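These protein sequence lines map, in sequence, to chains L and X. Note that the numbering used here gives residue 96 to position 96 of the first sequence, counting from 1, and the numbers run on in steps of one. Note that the numbering used here gives residue 1 to position 1 of the second sequence, counting from 1, and the numbers run on in steps of one.
Just so you know, the hints here were simulated from the structure itself, not pulled from any lab data. Computed from a predicted structure; not experimentally measured. Be aware that one or more of the hints could be misleading.
As the list claims (entries may be wrong) - Derived lysine-lysine pairs resembling DSS-like cross-links, with alpha carbons at most 27 Å apart: (1) L/187 <-> X/149; (2) X/183 <-> L/140; (3) L/140 <-> X/178; (4) L/62 <-> X/62; (5) X/65 <-> L/140; (6) L/86 <-> L/31; (7) X/178 <-> L/61.
To be verified - Estimated spans, in silico, between C-beta atoms of each pair: (8) X/153 <-> L/139: 55 to 61 Å; (9) L/101 <-> X/135: 26 to 32 Å; (10) L/101 <-> X/9: 18 to 24 Å; (11) X/184 <-> L/85: 22 to 28 Å; (12) X/68 <-> L/117: 51 to 57 Å.
Don't be surprised by glycine CBs; every beta carbon is placed ideally from N, CA and C.
So you can see what is in the structure, the chains are spelled out below.
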Amino acid sequence: MPAEKENSKEEIEVFPFIEGETIDLVAGNSKWADLYCKWDNDPNVRRHARNIWPHSIEDVKKWFEPSPDRHTREFVVFTIYHKRDKRPIGFVGLERINWVNRSANISAVIGEPDFWGKGIAVEACQLLIKYGFTELNLHKIYASVHSPNARSLRAAEKLGFQKEGTIKEAEYVDGVYHDEYQFALFKRDWFKLNQNES
Amino acid sequence: MTDKHNFTFIQGDIIDLVPLNSEHINIYVKWENNPNVRIYARNIIPRTAEDIKKFFEPSKDKIKKEINFEIWHKKTKKPIGYGEVSEIDWYGQKAFLGLNIGEPEYWGQKIGEEATRLMVEYAFNEINLFKLYACINSANIGSWRCAEKNGFTREATLKKDAYVNGKYYDTFYYSLLKEDWLKLKKEKQVK
Numbered sequence: 001m002p003a004e005k006e007n008s009k010e011e012i013e014v015f016p017f018i019e020g021e022t023i024d025l026v027a028g029n030s031k032w033a034d035l036y037c038k039w040d041n042d043p044n045v046r047r048h049a050r051n052i053w054p055h056s057i058e059d060v061k062k063w064f065e066p067s068p069d070r071h072t073r074e075f076v077v078f079t080i081y082h083k084r085d086k087r088p089i090g091f092v093g094l095e096r097i098n099w100v101n102r103s104a105n106i107s108a109v110i111g112e113p114d115f116w117g118k119g120i121a122v123e124a125c126q127l128l129i130k131y132g133f134t135e136l137n138l139h140k141i142y143a144s145v146h147s148p149n150a151r152s153l154r155a156a157e158k159l160g161f162q163k164e165g166t167i168k169e170a171e172y173v174d175g176v177y178h179d180e181y182q183f184a185l186f187k188r189d190w191f192k193l194n195q196n197e198s
Numbered sequence: 001m002t003d004k005h006n007f008t009f010i011q012g013d014i015i016d017l018v019p020l021n022s023e024h025i026n027i028y029v030k031w032e033n034n035p036n037v038r039i040y041a042r043n044i045i046p047r048t049a050e051d052i053k054k055f056f057e058p059s060k061d062k063i064k065k066e067i068n069f070e071i072w073h074k075k076t077k078k079p080i081g082y083g084e085v086s087e088i089d090w091y092g093q094k095a096f097l098g099l100n101i102g103e104p105e106y107w108g109q110k111i112g113e114e115a116t117r118l119m120v121e122y123a124f125n126e127i128n129l130f131k132l133y134a135c136i137n138s139a140n141i142g143s144w145r146c147a148e149k150n151g152f153t154r155e156a157t158l159k160k161d162a163y164v165n166g167k168y169y170d171t172f173y174y175s176l177l178k179e180d181w182l183k184l185k186k187e188k189q190v191k
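Produce the complete structure using the sequences and hints provided.
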């Protein structure tokens, strides 16, 4: 039985959209719904991703329903696919895209805790940020990190984000109100940091 | 004609740009079907009030694909045409600019010029577009003169692109880039 499951996972076709070194950003697949659902609900993952509502597999499957507005959207989400281990391990996306202000919020979730602390979120975000500035032509990318999430804070700094402000006692987590840090990265600053990437 | 206050959205000198008004549906239908008006607007099929009513239905799209204005003549207090910023491509920051003065007695009075100017400012200053384009029938001299007065340049000629009154006419593809529009504005200020 476990062998069958292994095979069925390998038969799922993967469609890379942006290629990286350790990981690729690929299109989501409804066949991974059970994984997405696991990550969404996993207590270790969701306390940082701030999911406080239980999600059923039906809720997850709704993400794959065709949206009425197929052309322009206010979010773009990719599944992070580990190249060597050949498995999806999280998601990364740009959401709350405002086309007039040309800004968006970036978020990344590594759903498999075994893959934490390996620079994967940083790599995924680097690929997504490049996409945001060179393909979507965004002006500014925001990131919100809640204060206890030290890994995310380090990642934001590594990616060149500057802290814009602190929103005090913004998030209620495990009985305590935590501050939220607002970070931002401008296209012009990203181009300076990545002069060889054009 | 209703003297009720209309909801000015963009203020001009001779005209204002206001939201579409469902009370004026019959006027819009009249313009759409008027043989003198529809000839260059490329309306070959009769429009009914039901066709126009569709503009007033709530949009299912989260992100706007088009913006429609009614052109309101301030002095005589009546709607005289409509304008649109449409086929909005948010990724490329560009859109089509359309204009139709539905009341022929208001032609040739620089109204088209002013309406275009106001819509161009809206598109570049308010909704952050980079390029506007217009497809104008070569025989519609008033329209392409109006585009040129606003800084549009003829990027291309689409040959024998439209069949009007038994003949094929070219379509002129005009466009205006924000960077060129800004330069023109500066030059006008210096003068």
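We went through each hint and held it up to the structure:
1. The straight-line distance between the Cα atoms of residue 187 of chain L and residue 149 of chain X is roughly 34 Å, outside the 27 Å bound, and the hint therefore fails.
2. Between the alpha carbons of residue 183 of chain X and residue 140 of chain L the distance comes to roughly 25 Å, so the proposed pair stays at or under 27 Å and holds.
3. At most 27 Å may separate the alpha-carbon atoms for a hinted pair to count; residue 140 of chain L and residue 178 of chain X meet this at roughly 20 Å.
4. The hinted pair formed by residue 62 of chain L and residue 62 of chain X meets the criterion: a straight-line CA distance of about 18 Å does not exceed 27 Å.
5. Between residue 65 of chain X and residue 140 of chain L, the direct Cα distance comes to roughly 23 Å. Compliance with the 27 Å bound is thereby established for this hinted pair.
6. For the suggested pair residue 86 of chain L and residue 31 of chain L, the alpha carbons sit about 15 Å apart, so the restraint of at most 27 Å is met.
7. The hinted pair formed by residue 178 of chain X and residue 61 of chain L fails the criterion: a straight-line CA distance of about 43 Å is larger than 27 Å.
8. For residue 153 of chain X and residue 139 of chain L, the hinted distance range of 55 to 61 Å is not satisfied, since their beta carbons lie about 27 Å from each other.
9. Taken as a hint, the range 26 to 32 Å holds for the pair residue 101 of chain L and residue 135 of chain X, whose Cβ atoms sit roughly 29 Å apart.
10. For the hinted restraint 18 to 24 Å between residue 101 of chain L and residue 9 of chain X, the CB-CB distance of approximately 20 Å keeps it satisfied.
11. Distance hint check: the CB atoms of residue 184 of chain X and residue 85 of chain L are about 57 Å apart, inconsistent with the given range 22 to 28 Å.
12. Take residue 68 of chain X and residue 117 of chain L: their Cβ atoms lie about 53 Å apart, and the range 51 to 57 Å holds.
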